[in-house]
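Novice: First to last, the protein sequences are chains A and B.
Numbered by my numbering, the letters in the first sequence go through residues 1 to 223 in order.
Numbered by my numbering, the letters in the second sequence go through residues 1 to 309 in order.
In short, the hints are calculated from the structure, not lab data.
Predicted, not measured: the structure shown is a model, and the values here were computed from it.
Treat the hints with care, as some may be off.
[Claimed, not checked] Below 20 angstroms or equal to it, Euclidean Cα-Cα: the simulated SDA-like pairs (lysine to any residue) are:
1) B:K235 <-> A:I170
2) A:K172 <-> B:Y233
3) B:K215 <-> A:L197
4) A:K21 <-> A:A88
5) A:K201 <-> B:R138
6) A:K196 <-> B:R210
7) A:K196 <-> B:K215
8) A:K186 <-> B:A176
[What the hints assert, rightly or not] Sample of chain A residues facing chain B (criterion: CB under 8 angstroms; computed from the structure):
9) A152
10) V155
11) G162
12) E195
13) W203
Cβ coordinates follow ideal geometry from the N, Cα and C atoms, glycine included.
Residues per chain are reported as follows:
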Amino acid sequence: MIVGEQKPLEELWESIKDHKKVLVFGCNTCVAVCQQGGNKEAEILASLLRMKATQEGVDMEIQDSGIERQCEHEFFEKTEERVEWADAVLSTACGIGVQFMAEKYPKPIYPGLNTTFLGAVEELGVYTERCQACGQCILAQTGGICPIARCAKRVMNGPCGGSTNGKCEISKDVDCAWQLIVDRLKLLGRMDDYEKLTPIKDWSSDRAGGPRKLVREDVQHDS
Amino acid sequence: MTAKTPSKLEKVLAAGHFAVTSECGPPRGSDPTEIVEKAEIIKDHVDAINITDNQTSVCRTCSLAVCIRLKTMGLEPVLQMVTRDRNRIALQSDILGAAHWDINNILCLSGDHQSFGDSSKGQNVHDLDSMQLLQTVRLMCDEGKFLGGDDIKRPPQMFAGAAANPFADPFEIRVARLAKKVAAGAQFIQTQCIYNLDKFEEWMKGVRDRGLHEKTAIMAGLTPMKSAGMARYMKNRVPGMDVPDEVVKRLADTPKEKQAEEGIKMCIESIQRLKEVEGVRGFHIMAIEWEEKVPGIVEAAGLYPRPEV
Ligand code: SF4
Ligand code: SF4
Chain A
1 MIVGEQKPLE ELWESIKDHK KVLVFGCNTC VAVCQQGGNK EAEILASLLR
51 MKATQEGVDM EIQDSGIERQ CEHEFFEKTE ERVEWADAVL STACGIGVQF
101 MAEKYPKPIY PGLNTTFLGA VEELGVYTER CQACGQCILA QTGGICPIAR
151 CAKRVMNGPC GGSTNGKCEI SKDVDCAWQL IVDRLKLLGR MDDYEKLTPI
201 KDWSSDRAGG PRKLVREDVQ HDS
Chain B
1 MTAKTPSKLE KVLAAGHFAV TSECGPPRGS DPTEIVEKAE IIKDHVDAIN
51 ITDNQTSVCR TCSLAVCIRL KTMGLEPVLQ MVTRDRNRIA LQSDILGAAH
101 WDINNILCLS GDHQSFGDSS KGQNVHDLDS MQLLQTVRLM CDEGKFLGGD
151 DIKRPPQMFA GAAANPFADP FEIRVARLAK KVAAGAQFIQ TQCIYNLDKF
201 EEWMKGVRDR GLHEKTAIMA GLTPMKSAGM ARYMKNRVPG MDVPDEVVKR
251 LADTPKEKQA EEGIKMCIES IQRLKEVEGV RGFHIMAIEW EEKVPGIVEA
301 AGLYPRPEV
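The following block holds chain B by itself, in its conformation from the complex (with noise of 0.2 angstroms):
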């Protein structure tokens, strides 16, 4: 596999090593200190930074604005953006700004309804889905066109990416709904955190029964818990997660003091597991405001040094 554009994350994948990615959320303010301290932080640690588009609907500084900052510090950003707030033209013209940075990797998604942030009362957008994103992002960067025909002048070059949620509803088209992201031009794949190896094992068997796992790059996704109840509040309350219930007395069984550091521990062994996995390429790591904790991780897995491409 060659890389085609000039992404370090499609690099890292295409010569065949295990890619590693993070996340970080922009600030609720204009300061960019923290943003810019938190990938200091995990930045020789990753291939990657993925910036989140105003993420749970809660209102922060631009996922543009943010990579853009990345990128002047000379590291890798993945611009993360939904449909929810932007119609075509906004979304097309976001792209173009990206590409004016040469910021090479994005990832599409559809982003959670308004209701759960801080503008509840507010209209969604939604012109485009996730997939339709994908496609509209291969139409700008393969073919040079906007979605409205015309010609761009110096089209961007992105590694386009999706999410996948293993453990989705409805259980029949999970493997399919993937095969769809990858039919929309999905060149890699962050998944929903996994706690549900099990289950995440029999769902990549059914990826790779169709060859998927050929055709777009797997990253799996991990989220080290940081107590029992981070874990009770995940297999409750966030929709589409699969924490089974192993996960949470493993961490409540734990002395409360011990149970960030046995969070910790359950990623690494995740990972660890996770590397035997055929089809998974790499590992998105999404350390929510515990970015300190993401070298750790990714030493103790086995991960580092990072490949220089």
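Here chain A stands alone, though its shape is the one from the complex (with noise of 0.2 angstroms):
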């Protein structure tokens, strides 16, 4: 899932301040899984807002609403007059939904959080980073274990020198993924794989190569 966090409120203050009638409005999808954008988030977000617009004596209405999720067309039809209510939109959708939504909206639609990453709920209240959605994945290759999202170097033949302990170079609170990948080959009986070198990665596929887009024909047709 994508993962976001709040921005401080004093930036999302700056944001809204000079609107008369501000939407908080969540995305009740991956951002609430991270319990930070979804409609929960935002209708708590909405009355820390209102505070802080008394206690700046800023004459403002704040509402809160949300739907399924922000980056799909569908779900913003029963929401449409809540939208059209407000001169200004604070979206706690993660990047994806606050561009989505914008395109449809002729009014500012302000990001709630900072978008962090793709990934997985390690734990209540841990989530921590799988994939960078390179389009080319080489997970078969690596054990399972993704070297590009999970090494800060993307080392693709690893580890690099600066492997201890089963830690990378940069923080011993971070796993080196190379270790990882090692000892996932072992548990799988895979060792021999280690020493085959993985060509140099064609990243046309990734970021680099620009925006990426897919289209599935026989879904466009079919519906």
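Bring the two chains, given one by one in their own frames, into a single complex with the hints.
Specialist: Quick look at the structure:
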């Protein structure tokens, strides 16, 4: 899922303070799982901002609402009215939701979160990165552990010389991805694969190749 | 073994001598005086001089410019190149730039993470990794091709090397990782600083068991300790460094004003012992900001005069 982290209240206030009717708008899928941008969090954020407005003596109306996903047209249908009412929206979706909304409505849509990474819920309250959507998945070769997302130098033939006691050279709190890969290959009885040189990567399917697009004509025609 | 390139370092190794290299770090400014002086101090005692590439991610004059400077002084540089700061266009371009000046040695590295240096807010590139850079160098030299497939007019002639850390984790791939670097095309290896000689010898045994010492020239890396404090710092703070307690103790038991001298003595003793290890083909003496000690170490270790090749 996409993980995000709420921006500091001060920063949010700076972006909305000159508006009269602000809608804090949640997205109840990915960013709800990490409890940062779901409809419930939008509601809490709206009340914090109302308090802030009172403190600052600013006359402003703040409402909250939310939908299932801000990255798909169909979910917006039910909330058109609320969005129409507002003269600015503070979206607590990821950067995708914020942009998607901005494309739909000719009014300021501000980001409520910093979109941080694509990750997993390691345990309650702990989210960690797993994938960078490179467009050409190599997990089959690396024992199911991604060196692009999880190695600080995205080393394809790792580890680098800095791996110590299973940790990455950047911090004792970060696992060395290549230690994990070696452990995993060992577990799978595939240590011979370690010595296969990973070829130079084609990054054209990554961010480097420009904005990416997927078209499924079969699905398009079906609907 | 016959040398395949005009590299002096390769020739010394091919002739069966122990090779000796050292390294200098480019200045944090544009004044060449100091680096020229450093090179002058060590030039008669080493076969080649590594020029580091923004080491520890601290921004400095580029390695290539200083290598060219050395070349114009009639010296033999080893161009260090990290994959952290340049994509494949820049890497290949700099390799050609080096070849333009007939620089014949390159050391392929991934580079320390940028968070260690003065640019922790910067991006890192890592388009290739160090093994893929080695493959790139060999492709350019041996086949005269760019990565994109086109021919290179007057291909570079380079003796290509890599670093190896005999002490790095994970333990089970220490030798396998060297095998991979050899497979990627490493013609010489400069190791991480060796303080734990027992462990290094154990690694070398694994290396010999797989015949890797015959496929690449392994140069043992050494850095003399200046003080017990430095030993402690290296032990506790530098990732991938193995400094045994005895080393720290020996220095700590030495009066402060004699610790530097003791550190030099320990370095010389290490070289003496490592000369006996089958498969060790030379020494890479990294005396960080202590270049003036290199000639004395080389002489005391019986590695002087350097052979004419
Ligand atoms: S290899 Fe690419 S697609 Fe696969 S997990 Fe890593 S970043 Fe994601
Ligand atoms: S220590 Fe491991 S995870 Fe960190 S940069 Fe090196 S190989 Fe990558």
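Novice: What's the verdict on A:K186 and B:A176, does the C-alpha distance respect the 20 angstroms limit or exceed it?
Specialist: holds (13 angstroms)
Novice: Could you grab the alpha-carbon distance between B:K215 and A:L197 and see if it respects the 20 angstroms cut-off?
Specialist: holds (17 angstroms)
Novice: So, A:G162 near chain B? Judge it on the closest CB pair being under 8 angstroms.
Specialist: Where the cut-off is 8 angstroms and the nearest Cβ of chain B is about 4 angstroms from A:G162, the hint holds.
Novice: Hint check: A:K21 vs A:A88, CA-CA at most 20 angstroms. Holds or violated?
Specialist: Status holds; Cα separation ~7 angstroms.
Novice: For the pair supplied as a hint, A:K196 and B:R210, confirm whether the alpha-carbon distance does not exceed 20 angstroms.
Specialist: Holds - the C-alpha atoms of B:R210 and A:K196 are around 16 angstroms apart, at most 20 angstroms.
Novice: Are B:K235 and A:I170 close enough, with their CA atoms no more than 20 angstroms apart?
Specialist: holds (16 angstroms)
Novice: Restraint: A:E195 near chain B, CB-CB cut 8 angstroms. Satisfied or not?
Specialist: Check passed: Cβ of A:E195 comes within 6 angstroms of chain B, closer than 8 angstroms.
Novice: Would the hint linking A:K196 and B:K215 be met if the CA-CA limit is 20 angstroms?
Specialist: holds (18 angstroms)
Novice: May I ask you to test the interface hint for A:V155 with respect to chain B, counting a Cβ-Cβ separation under 8 angstroms as satisfied?
Specialist: holds (5 angstroms)
Novice: Mind checking the CB of A:W203 against every CB in chain B and telling me if the closest is under 8 angstroms?
Specialist: holds (7 angstroms)
Novice: Does the structure keep A:K201 and B:R138 at a Cα separation of 20 angstroms or less?
Specialist: Holds. A:K201 to B:R138 sits at ~17 angstroms (cutoff 20 angstroms).
Novice: Was the hint right that A:A152 lines chain B, CB cutoff 8 angstroms?
Specialist: holds (5 angstroms)
Hint violations for this structure: none, all hints satisfied.
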